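Undergrad: Below are the chains, spelled out letter by letter.
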Amino acid sequence: MFRGILPKEYGFYDYFEKHAAMTILTCKELVKMASEGGNTTVASRTIKDYEHELDKITHQCVEALHKTFITPIERNDIHTLIKRMDDIVDSIDAAVLRMALYEITEVRSDVKDIAEVLLKAAIEIEKALKGLRNIKNSDYIKEKCIAIREFESEGDLIFRQALSNLFKETDAILVIKWKEIYERFEKAVDRCEDVANIIESIVITSS
Amino acid sequence: MFRGILPKEYGFYDYFEKHAAMTILTCKELVKMASEGGNTTVASRTIKDYEHELDKITHQCVEALHKTFITPIERNDIHTLIKRMDDIVDSIDAAVLRMALYEITEVRSDVKDIAEVLLKAAIEIEKALKGLRNIKNSDYIKEKCIAIREFESEGDLIFRQALSNLFKETDAILVIKWKEIYERFEKAVDRCEDVANIIESIVITSS
Amino acid sequence: MFRGILPKEYGFYDYFEKHAAMTILTCKELVKMASEGGNTTVASRTIKDYEHELDKITHQCVEALHKTFITPIERNDIHTLIKRMDDIVDSIDAAVLRMALYEITEVRSDVKDIAEVLLKAAIEIEKALKGLRNIKNSDYIKEKCIAIREFESEGDLIFRQALSNLFKETDAILVIKWKEIYERFEKAVDRCEDVANIIESIVITSS
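If you read the sequences in order, they're chains A, B and C.
Note that my numbering has the first sequence beginning at 1, numbered continuously upward.
Note that my numbering has the second sequence beginning at 1, numbered continuously upward.
Note that my numbering has the third sequence beginning at 1, numbered continuously upward.
Hints are all accurate, no fakes.
It does not matter which identical chain is meant; a pair holds if it fits inside one copy or across any two.
The calculated PhoX-like cross-link candidates involving lysine-lysine, where the alpha carbons are at most 20 angstroms apart (straight line), are: (1) Lys187 x Lys83; (2) Lys187 x Lys120; (3) Lys56 x Lys142; (4) Lys18 x Lys28; (5) Lys179 x Lys168; (6) Lys67 x Lys136; (7) Lys67 x Lys142; (8) Lys112 x Lys187; (9) Lys187 x Lys28; (10) Lys83 x Lys67; (11) Lys120 x Lys130; (12) Lys127 x Lys28; (13) Lys142 x Lys127.
Hints are computed from structural coordinates only; laboratory data are not their basis.
Since we're looking at a predicted model, the values are computed, not measured.
Excised from the complex, chain A in its bound form (with noise of 0.2 angstroms):
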């Protein structure tokens, strides 16, 4: 899986760059489904297939680290921080194996917006994570950093809306399912502030 020496310069913003852009392929996919509104079956297939590459990205990431003596940034920083990203589809993934395992016929409004808050930080993650490559250039990476955390509070807001309107329904079952399936998404737009911080304190370690 892994061959030779890593360059030891770039091999590590390869596997981030290469996983920022797939999870970017995931989040266009959750928007396309939440946008359609009914059948969640061939979105999630598609989303599940990502996650096993994404997967397979984080693996060779980590097997790289252990078998590189010098790395461009602290060891632990890359080691945390590839695996926060892939926290983030797995949540996505979660959530939506979830409205499969529970039958949801209908997807919720509010996916959608949270679809769409989701691809606009995985998007300044991919900036971020470029803008690594170039750690002197701190200023552009912070700012990023802020985007992303901004959209984890845009995250927030809809997220109090759309538990709100799901509380309003009488069926307690489907507040049941709705409320687990919310909370999955939850967790990946957390997961990408968790990314903006690790990525804000390699920047301030390193300068």
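Since chain A is already given, all that's left is putting chains B and C on it; use the hints.
TA: Frame of chain A, contents of chains B and C only:
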């Protein structure tokens, strides 16, 4: 935000103590709200303000950590300690926010017991943290940590009783709402125990 | 509690193996309870006793860690490993406690499948840990870690089926109770996978 070089010995202790003092204030506000039993709006705003202030203290402490070469306690312990301390009021705030979001008009009577346990634990945390300035007096600090863990156990019994009472209700939506609120309070109590464990481990490794 | 200097090479392995053996006993008790299907009182007391004993072993292991200068495995790995191992029975205990708290009189049939998967994973964990004494035999240890992860995947399918069955019920309060119980069992299975990952990473970094 952070100016000059921290006096090595005391800077971090100041952050811990400011944080602990404001955590106590938050718990007192919660006790007051629970005792009055009705309107949660005022208390929830005050608690949110405290939560913001505590975030700032935490942020300043972490920034200071990045800029300090020699720390009186192991770097990683300072980071974990202030983060766990911060989680206490974050969880209290989340619980109170849910009360507002779920349009709770009557605070269940168990909340008063929970609030009192949280206040008692927060007072012991402040004492344990003040003890850290004189780490040789490890028996005193350990004693406080044991007291915190005892309050956590007391909290456990209160939560079990609260849940047992709750599941006697027949309104499933009400059960869903309060189960979550209790779980968030429980997390706050658990974080007090985490703080005790971190303090104790600092004392053990320093002696 | 901790007397003298640990024989460098074996002390920690002894703690791991004592812990693993008692985890197996706990899982056996759970299988027995689930097979009998009715009264949970006796099993829940026995499991609580095991949980206390396991806490003691964990505590002794962490204390030993603080007092040992040279460890056969990286200090942090020992700490994380024993903690994650401890989480397995903590979660089982929490699940069983909820059964008692929620006055469950009939154990759902899926619990037997879950208990058996947990037992199988615990047996592989014991083998993998015994393998650590001879870390050069990394293929043997990795094989056991793969087996644990396969049991985790098997567990996933069981939980999905269990939830699918549960949501066919119309009693929302029953759904709330069992959803939580299943989630706590699921956490126990997840922790087995965490243990496998930690063991594997110890093997990789040591080779």
